[in-house]
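Undergrad: As you go down the protein sequences, you meet chains A and B in turn. Counting with numbering that gives the first Met the number 0, you get residues 0 to 80 for the letters of the first sequence. Counting with numbering that gives the first Met the number 0, you get residues 0 to 226 for the letters of the second sequence.
Treat each hint with caution, since some may be false.
What the hints assert, rightly or not - In silico BS3-like cross-links for lysine-lysine, where the CA-CA straight-line distance does not exceed 27 angstroms:
#1 B:K138 / A:K59
#2 B:K20 / B:K30
#3 A:K24 / B:K30
#4 B:K167 / B:K107
Rather than coming from a laboratory, the hints here were simulated on the basis of the structure.
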Amino acid sequence: MSKYRAKIYITLKNGILDAEGETVKKALNSLGFDALNVRSGKMYVIEFNCDEDPKNVVEKMCKQLLANPVVNNYYYELEEL
Amino acid sequence: MAIVIGIPVYPGTNCDFDVYKAIKLAGAIPKRIWYKDYEEIKKVDAVVIPGGFSYADYIRAGAIAARTKMTEIIKELGANGMPILGICNGFQILVESGILPGALAVNKNARFICRWVHLKVLRIDTPFTQLYAEGEIIKMPIAHMEGRYVPGEGFSDDLIVLQYSDRKGNVNDESNPNGSYKNIAGIVNREGNIMGLMPHPERASERILGGNDGLRMFKALIDYLKR
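Using the sequences provided together with the hints, build the complete structure.
TA: Take a look at the structure:
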């Protein structure tokens, strides 16, 4: 049994309107920045134990709960603890 | 025989008593069922999943409730033909569990919208809409942050039951409150026994509330069950 830490990033697929991103873009530009495109997302830091390939475990976590395949993309960074 | 309609209650559900009252007004026996008492849901004639903020909308609205044993059983009951209606967070739970196709994303204006809307009834061949007239314009309130329908695998236009419109029935960008694909406010599954909608029929079940068009949705379901 090994212990791992995954940082999982969930974003909206390109082409799906990101209402929060659009609002943040407007707010940045009102502060004088020249923001061209803002995409928002969520990040989870998950520490877990597993025997199998930890990539498989993270993939399952994303597919079964963390990401909705209709609207989300996901990617992750993985480290052994 | 008395008709019993089950109302599953998840942590954070808050429209269960409104739905309870509307079902009672419409003439059936409502039964609120805590999500851990999922065996009880097998004994009812139909299920109405009420609105609210199940699991505080964590991850995505409806995402965690969609993965409970209660919802798994509702999915089985629906697959066996039981009428299932999901309202607001109930609709979100139905899409998150894959019982209905698509997803409900954050409103186009990124805000919580709470107001009355007009709806155009496209299909009257469902257990929930058979008391409306085809093309009828009805009025109900919406109250949601994540109601922008995004089509997904398994969706086609013939599943659309309700569209946001203006009072004259015009379906366009001006009458679309949340940016939903094709002004979608409610859809039904291909078999026709499972429907989800973002507007709240239970909040439009008495004139004193501002309208009673929603009551007919519960009456229609009861009529269907009595046949």
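Undergrad: All the hints need checking, so say for each whether the structure fits it.
TA: Hints and how they fare:
1. B:K138 / A:K59: 42 angstroms, violated
2. B:K20 / B:K30: 11 angstroms, holds
3. A:K24 / B:K30: Outside the cut-off at roughly 47 angstroms; violated.
4. B:K167 / B:K107: Holds, at roughly 23 angstroms.
Figure legend: structure checked against the earlier numbered hints; hints not met, in rising order: 1, 3.
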